[in-house]
Amino acid sequence: MTKAAPRLAVKGLRHLYADRPVIEDLTFTLRAGRAIALVGPNGAGKTTVLRCIVGSAEPAAGEILLDGSPIDERAEVVRRDVASLLDDLDFFPDLTAAEHLDLLARAHGNATPEDLVDTLLDDVGLLAAADQLPGSLSSGQRRRLALATALVRPRKLLVLDEPEQRLDTAGVAWLAERLKAEKKAGTSVLFASHDQALVDAVADETVALTPLP
Amino acid sequence: MTAASGEGPVVFDPADFGSIPASKELRRWMRKVRRGKADRTVWQQFEDIYLVLFALAMLGATGGNVVLNLNEKSAACTSASCGWLLDTVPLILVPVLVSTMLRVLLSIGPVSASRATGFWLLATPVDRASLLRPSYRLVVVVAAVVGALAAVVGLALFGAAWSAVGEAAVLTTVLLICTACATVWAQQIASRSRWALRIADGLLILAAIPALVLAFRASSDSSATNGGSYPVLGLAPLQSEPLLTQGEIRLLVIGVVALVLAVALVVITAQSLDKLSRQSVVAGGELLAGMAGAAITMDVSLLADVVSGRHWRMVGRLKSRRGRGSRVQAIIHREFLRILRWPRRLVIGFALLVVPYAVAGTGYDVLVPIAAAIAGFAATRPLMDGLRSVCRSVGLVRALGMELRDLRIAMSVVPAGFAVLWAALALPALGSWQVAFAVAAGVLTGVVRQASARPPSYSGPLVASPMGAIPPGLFSQPLRGLDLLILCLAPVLLGLSSTWILIIPAVVLLIMFAVTPKQA
Chain A
1 MTKAAPRLAV KGLRHLYADR PVIEDLTFTL RAGRAIALVG PNGAGKTTVL RCIVGSAEPA
61 AGEILLDGSP IDERAEVVRR DVASLLDDLD FFPDLTAAEH LDLLARAHGN ATPEDLVDTL
121 LDDVGLLAAA DQLPGSLSSG QRRRLALATA LVRPRKLLVL DEPEQRLDTA GVAWLAERLK
181 AEKKAGTSVL FASHDQALVD AVADETVALT PLP
Chain B
1 MTAASGEGPV VFDPADFGSI PASKELRRWM RKVRRGKADR TVWQQFEDIY LVLFALAMLG
61 ATGGNVVLNL NEKSAACTSA SCGWLLDTVP LILVPVLVST MLRVLLSIGP VSASRATGFW
121 LLATPVDRAS LLRPSYRLVV VVAAVVGALA AVVGLALFGA AWSAVGEAAV LTTVLLICTA
181 CATVWAQQIA SRSRWALRIA DGLLILAAIP ALVLAFRASS DSSATNGGSY PVLGLAPLQS
241 EPLLTQGEIR LLVIGVVALV LAVALVVITA QSLDKLSRQS VVAGGELLAG MAGAAITMDV
301 SLLADVVSGR HWRMVGRLKS RRGRGSRVQA IIHREFLRIL RWPRRLVIGF ALLVVPYAVA
361 GTGYDVLVPI AAAIAGFAAT RPLMDGLRSV CRSVGLVRAL GMELRDLRIA MSVVPAGFAV
421 LWAALALPAL GSWQVAFAVA AGVLTGVVRQ ASARPPSYSG PLVASPMGAI PPGLFSQPLR
481 GLDLLILCLA PVLLGLSSTW ILIIPAVVLL IMFAVTPKQA
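Sequence lines, in order, name chains A and B. For the first sequence, position 125 (counting from the first letter as 1) is numbered 125 according to the numbering used here, and the numbering increases by one without interruption. For the second sequence, position 315 (counting from the first letter as 1) is numbered 315 according to the numbering used here, and the numbering increases by one without interruption.
Just so you know, these hints were derived from the structure itself, not from any lab. Note that the structure is predicted; figures quoted are calculated from it, not measured. Check each hint, because a few of them may be wrong.
Cross-link-like lysine to any residue pairs, in silico, SDA-like; alpha carbons within 25 Å at most [said to hold, decoys possible]: (1) B:Lys319 with A:Glu63; (2) B:Lys518 with A:Leu127; (3) B:Lys518 with A:Asp81; (4) B:Lys319 with A:Ala60; (5) B:Lys319 with A:Asp72; (6) B:Lys319 with A:Asp131; (7) B:Lys518 with A:Gly125; (8) B:Lys518 with A:Glu63; (9) B:Lys518 with A:Ala111; (10) B:Lys319 with A:Pro59; (11) B:Lys518 with A:Ala128; (12) B:Lys319 with A:Ala111; (13) B:Lys518 with A:Asp131; (14) B:Lys319 with A:Tyr17; (15) B:Lys319 with A:Ala18; (16) B:Lys319 with A:Gly125; (17) B:Lys518 with A:Ser138; (18) B:Lys319 with A:Leu86; (19) A:Lys156 with B:Phe119; (20) B:Lys275 with B:Phe119; (21) B:Lys275 with B:Lys518; (22) B:Lys518 with A:Ala130; (23) B:Lys518 with A:Ala60.
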């Protein structure tokens with residue numbers, strides 16, 4: 001019997017800013033239904049690793065495989081399977097919170113997302129703000145909406161950069177439960193975090209990064 | 001400061017702080033502190049001033065020369081229709097100017113202050129009217145300059161006599177100064193601002209009436225161009241007239257009365273500056289700061305983003321409307337709903353149809369396609385906000401799960417429909433459906449290219465220029481989009497055959513939607 005390829009495999013990843021290496025020979029694998037937390041101080045390269053995985057940054061060397069195939073964000077299967085939340089998300093200024101989620105679900109092939117959107121808005125505590133435009137949401141509410149964008153669509157791999165940012169204590173607790181449920185449903189979760197409680201609650205493994213000299 | 005006895009809290013007595021300083025003293029203090037940190041020599045500052053004055057003089061001389069030449073040519077036309085055109089232009093120009101001035105000034109305040117000024121100075125007991133006076137003076141001066149320039153250029157281009165141009169300049173200047181004062185008064189209460197914006201809309205409709213009359217009457221009057229004569233106009237008659245004609249005395253009296261009224265209004269309005277809320281002046285300051293950033297990078301799209309972003313922030317909340325279908329169909333449907341969400345843009349877009357008809361009405365047939373294309377561009381560009389949002393956000397493209405090229409095609413469907421409809425409605429003025437196709441293609445490719453523009457990159461190597469190092473593509477930024485518009489219209493402007501008028505825009509369209517745009 002052949003063993004299934006890991007959901008995500010990172011092998012010998014290297015990344016440079018100008019001539020300065022920020023990631024050197026990073027290797028780890030993430031299986032279906034498991035979670036890995038990237039931890040380390042500011043400047044250690046956590047976000048850069050995530051950016052390389054979602055295709056926002058080009059690695060100088062190394063290999064990133066999704067289900068055994070090289071990851072390429074131009075491939076439809078990658079856009080379908082990888083849901084990410086990095087700090088580069090912007091919003092349409094003239095679409096309400098509910099309309100953002102509705103559009104995203106439909107863009108991913110869900111022609112009747114009304115109930116899903118309502119449930120998710122309720123889950124992230126934005127039901128009362130469903131008709132608000134992004135410019136009128138608080139930074140915490142915008143963060144919750146951003147989290148919801150990753151959850152309203154199909155996904156096999158969740159890539160999250162400090163998802164606990166700007167969430168209150170109850171919000172972080174909700175997030176931990178939600179990510180555990182995602183794992184149970186077979187979704188793999190890769191996230192960078194400074195919140196030790198969230199890491200302890202969700203991560204099966206941690207990858208510790210340190211700033212390179 | 002008086003400290004309470006024992007370990008109790010420190011009690012502040014306002015009397016211990018002395019009198020509140022005048023704003024002049026604060027400004028003097030800030031000037032002194034800033035001068036202490038200045039790292040530019042007097043000579044360097046003189047060079048900057050010299051460059052600005054030299055550029056203004058060059059622009060003034062060139063522009064003035066062009067206006068004088070065009071005035072001479074227009075004044076040579078002695079037909080009744082030319083005179084009638086000259087009578088109609090002010091009826092269009094004045095309401096458009098006042099409406100635009102109302103809208104622009106109200107969008108920035110008009111009295112504005114930076115966020116820092118709002119926090120550090122306007123929140124103090126220092127006299128607010130005095131703190132805001134420099135900004136108010138600037139608003140009045142800008143309104144006056146715009147009024148004078150618009151009247152001089154607008155009337156001189158149509159061959160008006162010198163006395164008429166002077167009279168129009170004085171009256172328009174006074175009118176726009178009064179408009180500026182009215183906007184300051186409106187800024188004090190939100191409901192006044194809303195009413196002022198309604199008046200601005202009404203004035204636009206008012207301007208459309210003479211424009212439509214001009215457009216539709218011109219064709220029926222075309223025979224008159226060879227008929228009755230009209231007095232010779234132009235700037236030249238000034239020399240042959242006596243020192244003070246009856247008309248000039250009238251101009252002098254009207255000018256003096258109008259100026260006195262304007263000065264009185266400016267002084268009275270200045271007294272009411274302390275009624276402006278901190279929030280109302282800071283909001284405009286933030287908008288100006290954003291616009292200044294966009295202007296420095298010559299990013300027209302960013303400029304539009306700043307204005308539209310502020311509009312939606314002020315709207316705040318809307319009734320959500322669920323989409324229809326999935327994937328590309330869902331995106332197209334959402335774009336349709338999104339565009340309907342700001343109906344004023346559609347109304348203005350369709351109102352701009354007056355432009356090709358009005359130009360055709362003046363008899364300058366050669367200018368009709370280019371005027372139609374520019375008006376169509378202005379009408380369609382505001383509908384591209386959706387594409388603009390995805391082009392500036394890598395995260396949004398990733399979240400939507402489609403390639404940017406596919407998103408660009410999907411998000412262009414509704415604006416493309418608008419552009420085609422717009423060109424079809426302009427068909428009688430354009431003359432042939434081939435020209436209408438070229439205009440629609442030029443408008444569509446132009447707006448898509450401009451909306452997909454990436455900001456100039458300061459991270460790569462810079463290019464040497466007489467103004468110092470600049471990022472590559474900085475100066476071409478404002479022309480993005482207009483280049484494709486001209487390319488699509490080139491066969492029309494060059495008088496090529498109908499086949500070329502169809503082929504070149506079709507190829508431009510194909511290439512535009514086949515290539516994958518680069519992401520920000």
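Pair hint outcome, Lys319 (chain B) versus Gly125 (chain A) [Cα-Cα no greater than 25 Å]: holds (18 Å)
Given pair status - Asp131 (chain A), Lys319 (chain B), alpha carbons within 25 Å: Roughly 6 Å between the alpha carbons, so the hint for Lys319 (chain B) and Asp131 (chain A) holds.
Restraint check for Lys319 (chain B) with Leu86 (chain A), where alpha carbons must lie at most 25 Å apart: Violated: Lys319 (chain B) and Leu86 (chain A) sit about 28 Å apart, past 25 Å.
Pairwise hint evaluation, Asp131 (chain A) against Lys518 (chain B), where the allowed Cα distance is 25 Å at most: violated (33 Å)
Pair hint outcome, Lys518 (chain B) versus Gly125 (chain A) [Cα-Cα no greater than 25 Å]: violated (36 Å)
Straight-line alpha-carbon gap Lys156 (chain A) to Phe119 (chain B), limit 25 Å: violated (48 Å)
Pair hint Lys518 (chain B) and Ala130 (chain A), alpha-carbon separation not exceeding 25 Å: It is violated: about 33 Å lies between the C-alpha atoms, which goes past 25 Å.
Pairwise hint evaluation, Glu63 (chain A) against Lys319 (chain B), where the allowed Cα distance is 25 Å at most: violated (46 Å)
Pair hint Lys319 (chain B) and Pro59 (chain A), alpha-carbon separation not exceeding 25 Å: With a Cα-Cα distance of about 44 Å, the restraint between Lys319 (chain B) and Pro59 (chain A) is violated, given a limit of 25 Å.
Restraint status (C-alpha distance of Lys518 (chain B) to Ala60 (chain A) at most 25 Å): Between Lys518 (chain B) and Ala60 (chain A) the Cα gap is close to 21 Å, so the pair holds against 25 Å.
Restraint status (C-alpha distance of Lys518 (chain B) to Glu63 (chain A) at most 25 Å): Distance of about 24 Å is within 25 Å: holds.
Satisfaction of hint between Ala128 (chain A) and Lys518 (chain B), Cα-Cα up to 25 Å: violated (38 Å)
This entry does not satisfy hints 1, 2, 4, 5, 7, 9, 10, 11, 13, 14, 15, 17, 18, 19, 21, 22, going by the numbered hints stated previously.
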